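Top to bottom, those sequences are chains A and B. Letter by letter, the first sequence follows residues 1 to 284 in the numbering used here. Letter by letter, the second sequence follows residues 1001 to 1163 in the numbering used here.
Hints in this document: simulated from the structure, not taken from any laboratory. Quick caveat, the model's predicted, so the values are computed rather than measured. All C-beta atoms in this analysis are idealised placements derived from N, C-alpha and C, irrespective of residue type, glycine included. Please note: incorrect hints may appear among the correct ones.
Claimed, not checked - Pairwise CB distance ranges, derived in the manner of DEER restraints:
(1) A150/A x T1009/B: 46 to 52 Å
(2) D54/A x V1034/B: 23 to 29 Å
(3) R255/A x P1132/B: 28 to 34 Å
Claimed, not checked - Residues from chain B shown here face chain A by an in silico Cβ test under 10 Å; the list is partial:
(4) L1057
(5) L1101
(6) A1105
(7) V1121
(8) Q1122
(9) L1161
(10) V1162
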Amino acid sequence: MAAPANPTYRLLIALVLAVIMMVLDQRTPWAAPVRHVLGYLTAPIHYLAHLPVDSGEWLSEQTQSRGALIDENRRLQRQALILEQRVQRLAVLEAENVRLRELLNSSADLDANVLVAEIIGVDPDPNRQELVINKGKGEQVFRGQAVLDAQGLIGQVVDAGPLSARVLLVTDASHAMSVQVNRNGVRAVLAGTGQSDGLKLLYVPDTADIREGDLLVSTGLGQRYPRGYPVATVTSVRHQSGAPFAEIAASPTARVDRASHVLLVQSTDEPLIPVPDPEAANDP
Amino acid sequence: MIHDRPAGTGVIVVTLLIAALLEVVPLPDSVNWVRPEWMLLVLVYWVLELPNRIGVLWGFFVGLYHDVLVGTTLGQWGLAYALGAFVMLAAYKRMRVFTSLQQCAVVFLLVGTVSLLAYLVQESVGRTLYPPYTILYASLTSAVLWRPVCALLRWVQLRFLVR
């Protein structure tokens, strides 16, 4: 076998290309086309890796007994009834909220549509907390879109590929967001710790009124997450004499490491609840 | 000279894609620490077997694919794999006469170095959490799995006449 051609020049080309790409990827949006094209080739791998889970679910669905299915059906019907009753009250409350906001001359809250997506992969790197979902640019998923599960906020889309998207979880060590205590409206910054059940509140003064069990909801500051979704509950508050800030730990309300389906929030231009006509409101 | 005509590029690509699948297949968190660098192992095998065809640029593009697959900075693994392929090109004659244990030691060092390079890039963009010695676990399992991977790929190479 003949000796290979001198690879030093090729190495030089590869190194220069790699460094250029890293800078472009970090500082500019110009590397996105490369990611987009390669996304067509990487998404099938994620789908394929998820296949055993999918077929396992399918198999257990097929082999479930009639009795178990009837039980589940009854349970779901009861749940649907309860939820529908709650939604009835919600519609009234929401309309009332809109009217009160009109009185205060503040802008109305917009309701949002959601898109359901399935989680098809988790990041294998323990340094990062990310997920891969089975919806991409084809379904109008965009970078920065908020992702929820049934219990609360789970994260945001950081990379929307053509067929799949990557979601950065609120528990990632590089993630932080603005939250407020539901009980009294105290605002704070909620940061991830890199553990799937650990969050912490940053720079909270010792005197702030935050207690164990408090629910933290998103504030909508930062224009990234919609306002008023539950994010975490406070699990421990420690005051240390000498330390400038209180040490407050929280755990996400969303089942970050167990969810199999997530909801992508699509903000709509029109409110789903019609805003009452001010002329009509003046009538006695 | 029909024997010198390259063949089986598709087979090489398929083995690399299977390695990619093994890289992202979901595993418990504790096992993630020791998940071997499958794509790098397969790449190193083909560089050693076909140094005329599989080299630095293959390494670069395979690394780029790995970047998009796991969502790291574009070029992070591209850079690392290109360098790994370069080192193997420089050492492929020696690797062929090494004993199994020596080969495993070289693979351990190579995977460690390549992963460290990728770790440095990841560190510079602030996406690392654990100290760099944690990459040693994956390097160790990669070295342990080198001979089985080699045997499997050798069978593939002979079965599908890759040259």
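Each hint, compared with the structure:
A beta carbon spacing of about 47 Å between A150/A and T1009/B agrees with the range 46 to 52 Å that was offered as a hint. Distance hint check for D54/A and V1034/B: the Cβ-Cβ separation is about 26 Å, which falls inside the suggested range of 23 to 29 Å. For R255/A and P1132/B, the Cβ-Cβ distance of about 32 Å falls inside the hinted range of 28 to 34 Å, so the restraint holds. For L1057/B, the shortest C-beta to C-beta distance to chain A is roughly 6 Å, which falls under 10 Å, so the interface hint holds.
Because the smallest distance between the Cβ of L1101/B and any Cβ of chain A comes to about 25 Å, over 10 Å, the interface hint for this residue is violated. For A1105/B, the shortest C-beta to C-beta distance to chain A is roughly 23 Å, which exceeds 10 Å, and the interface hint is violated. Of the supplied interface hints, the one on V1121/B holds, with its beta-carbon coming within about 7 Å of a beta-carbon of chain A, less than 10 Å. Look at Q1122/B: its Cβ gets to within about 7 Å of chain A, closer than 10 Å, so that hint holds up.
The interface hint given for L1161/B is violated, since its Cβ lies 16 Å from the closest Cβ of chain A, which is over the 10 Å cut-off. About 14 Å separates the beta-carbon of V1162/B from the nearest beta-carbon of chain A, more than 10 Å, and the hint is not met.
Against the hints set out earlier in the document, violations occur for numbers 5, 6, 9, 10.
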